[in-house]
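Start from the sequences and build out the full structure, keeping to the hints where you can.
FYI, the numbering for the sequence shown is -24 to -1, 1 to 293, going by mature numbering (1 follows the signal peptide of the UniProt record, and there is no 0).
Since the hints were derived computationally from the structure, they do not count as laboratory data.
Pairs of lysine-lysine, DSBU-like flavour, derived with a Cα cap of 30 Å: (1) K45 with K214; (2) K12 with K209; (3) K174 with K72; (4) K214 with K174; (5) K279 with K291; (6) K174 with K129; (7) K129 with K211; (8) K72 with K118; (9) K75 with K58; (10) K99 with K72; (11) K266 with K279; (12) K72 with K58; (13) K291 with K266; (14) K45 with K12; (15) K174 with K211; (16) K72 with K160; (17) K58 with K47; (18) K75 with K174; (19) K129 with K118; (20) K209 with K45; (21) K211 with K45; (22) K211 with K47.
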Amino acid sequence: MTAKERIMHLILFLSGLSFQFSHGLQPQFVFFQTPKTWSEAQSICREQCFDLATINDMREMEIVLEDVKDKYDDAVWIGLSKGTTLRWHWSLAGDKFYKEGERNYLLWGSVNNYNCSASRYGKLNMFPCDYQRYSVCFDATKQGADQYILNTKYMVWAAARDYCRTYYTDLTSLRNDAEYQIVKEVANGSEVCVGLFKDPWEWSDQTDSSFRYWNPAETVWTDSTQTCVAMLKVKSGKWGERACTETHPFVCDCRNKLSFIKLRISPQDSMLDLNNPSVQADILEQMSQKLRSYNTTAVFHLKWRKQIDGRVFTKEP
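Laid out in structure tokens, this is it:
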């Protein structure tokens, strides 16, 4: 029996054939010019890539702006749509910025139904987003108390956020007791806007990016009408709401999906050397065929993960 014939008699047990995508992979944004509804765009992105684009920060937003440039006439879908649950977010996004528990370390002074937040005397207060306040910006390029800058221009919350992003990093977050105390001292008795806001928007890939790039006319939260989010040509790519049934070009996140499959192989022929490169190549081909049977549109690139001694397979005792 040839090696090829032996391999055809293998019994493959693919245990735990589920995919867990590696965290930390950088998004690769791809522009699709054919107009689709938001749901159609979502389906295409999930079939051909990863999902509709999630924008995590201004650096990624600039990449998308450069990618789409003058390739569209009106609007471009991204992965944000209106959900049904209002949630608090910090304007300053980025998982590395927050330690465990710091995103939700909220010390409330007053609680009501408003959607923006200010700080006074070391406590958070909810207030209407169209009320004007001083604000405190955060500058990530500095250290210690110098990172917190008082802006004494009266601004509504969204304008204060844009001001901080233009001249510093963002509106400040309050992650711990030390930061609450610093902002209290910087504010010197004034009630100041901080980066906490509440909205119902959800990303298609279910990540929790708090980054928003609304056009100046967009409020932090409007009504309960089901809408989706697009980059608007007339607003230089800033975001606005559109009916999800409208058709527009769209941006997908086509990052590579990194997955690990634990494999147990029981060869019927004891003469078969599973660490022979040609045998391993044929096993990979069988696995590729099996995976394609689950998803005919996906592209798979399989390779073995070698152990320290260079071997792929270890015989079970």
